[in-house]
Amino acid sequence: MSKVLVLCPYVPHPPSHGGSIRTRTLLQALAHDHAVELAAAAHGDADLANLHALAHDFGIAVHPLPARAGGGGAARKLAHWLRGESELLRRRWPPAALARVRELAAAGRHELLVADSSFTLPLAAVAGAPRSLLSLHNLEHALLGRADAVARPWSDRLTRRVEARRVRAAEAKAIARAIRTVVCSDVDAALARGLDPTAGARIAVVPNAVDLDRLPLQPPPVGGPPRLLFVGGLDYPPNLEAATELVERHVPALRAAFPGLVVRLVGRDPGGASARWRGVPGVELLGPVADLLPLYRDSHAAYLPIRSGGGTRLKILEAWALGLPVLSTAVGCEGLAAADGVHLRRFETVEQGVAALRSVLDGQGPELRRRGRELVATAHGAAAAVAGWRAVVAAALGA
Numbered sequence: 001m002s003k004v005l006v007l008c009p010y011v012p013h014p015p016s017h018g019g020s021i022r023t024r025t026l027l028q029a030l031a032h033d034h035a036v037e038l039a040a041a042a043h044g045d046a047d048l049a050n051l052h053a054l055a056h057d058f059g060i061a062v063h064p065l066p067a068r069a070g071g072g073g074a075a076r077k078l079a080h081w082l083r084g085e086s087e088l089l090r091r092r093w094p095p096a097a098l099a100r101v102r103e104l105a106a107a108g109r110h111e112l113l114v115a116d117s118s119f120t121l122p123l124a125a126v127a128g129a130p131r132s133l134l135s136l137h138n139l140e141h142a143l144l145g146r147a148d149a150v151a152r153p154w155s156d157r158l159t160r161r162v163e164a165r166r167v168r169a170a171e172a173k174a175i176a177r178a179i180r181t182v183v184c185s186d187v188d189a190a191l192a193r194g195l196d197p198t199a200g201a202r203i204a205v206v207p208n209a210v211d212l213d214r215l216p217l218q219p220p221p222v223g224g225p226p227r228l229l230f231v232g233g234l235d236y237p238p239n240l241e242a243a244t245e246l247v248e249r250h251v252p253a254l255r256a257a258f259p260g261l262v263v264r265l266v267g268r269d270p271g272g273a274s275a276r277w278r279g280v281p282g283v284e285l286l287g288p289v290a291d292l293l294p295l296y297r298d299s300h301a302a303y304l305p306i307r308s309g310g311g312t313r314l315k316i317l318e319a320w321a322l323g324l325p326v327l328s329t330a331v332g333c334e335g336l337a338a339a340d341g342v343h344l345r346r347f348e349t350v351e352q353g354v355a356a357l358r359s360v361l362d363g364q365g366p367e368l369r370r371r372g373r374e375l376v377a378t379a380h381g382a383a384a385a386v387a388g389w390r391a392v393v394a395a396a397l398g399a
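Just so we're aligned: the sequence shown equals residues 1 to 399 in our numbering.
Treat the hints with care, as some may be off.
Claimed, not checked - Computed list of lysine to aspartate or glutamate pairs in EDC-like fashion (alpha-carbon distance at most 16 Å, straight line):
| hint | residue 1 | residue 2 |
| --- | --- | --- |
| 1 | 3 | 37 |
| 2 | 3 | 111 |
| 3 | 173 | 156 |
| 4 | 3 | 33 |
| 5 | 173 | 85 |
The hints are simulated quantities; they were obtained by calculation from the structure and are not laboratory data.
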């Protein structure tokens, strides 16, 4: 049994977003074979309570790290850029967090350090572990470098361009140093190899996964006007962009084609971004929901006009597992081995979205339900993901 230190940019409990679900799968795999310590950014009493609940659930030691909330100002950005650093990766970590990680690494004599996402790279750089494993939820530089899905102020465009270069350099350096780098799809594996052509077999793919026992197949909805579901925290910019497009562009056309249609937006919104949609016909703002199963059971499709972000979408995997037909853009289902018309329906325009929903309601829904569930069971089950992580960690420790 080896000692492993995991660095995480958030407390992965409860499993309320895609990142936390992937991190918990990693922790489950590690705890099966090793003595695990988790050092995670903690903001306030709620995070501390969740961190201790996680320690109880997985039988691991936990260490809260001081962390900043919110972004940095222009002066801080410029200072980091002049040093060749990414302010985005560095912004949450005050000097006290770096010192705490340095202290943990020195005292723990860990055989393996796991940097969970690019946002922990500043911590990993000071830890000095002899072996490091890099778990990339996304290739963040590629997301920053994508064409904007919405019009942005010039200052935001400049920030994204500079940050894309800085993050790319940080990710390339980390991949070159890591014994293993783990990504969630073949698309991201190709991006990682592009950063370090010598990495070769040191790049491993462990797909995102969901627990099928926790997500039983739901019966189809009972009649009534079409009900569409969008699940995603609006404090994540790609989700806010998608929800904005959904409400402002798609809902009017969908309601014209299907009178009485309702779109339900589910997820945290600490900034109150959705307040401007209150009272919009056909839009229900539900906020965070403790139990999503009744909503999945009562919906006809998940509707996801996603134009940015990355990774394989846990919200799609969950919808498939529960038997909800998925309508998504190409970016929304990127990295998934899903065929249009077989596992989901693709759309890029409002008109295509209307046509895709019409096909689902006219009889394609049951086949999409069956095929989606089959794909999750075959390629994205939690047991297979845990086995994949265990094999990668064993290889890293044996390197």
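**Prompt:** Are there hints from earlier that the structure breaks, and if so, what are their numbers?
**Reply:** Number 3 only.
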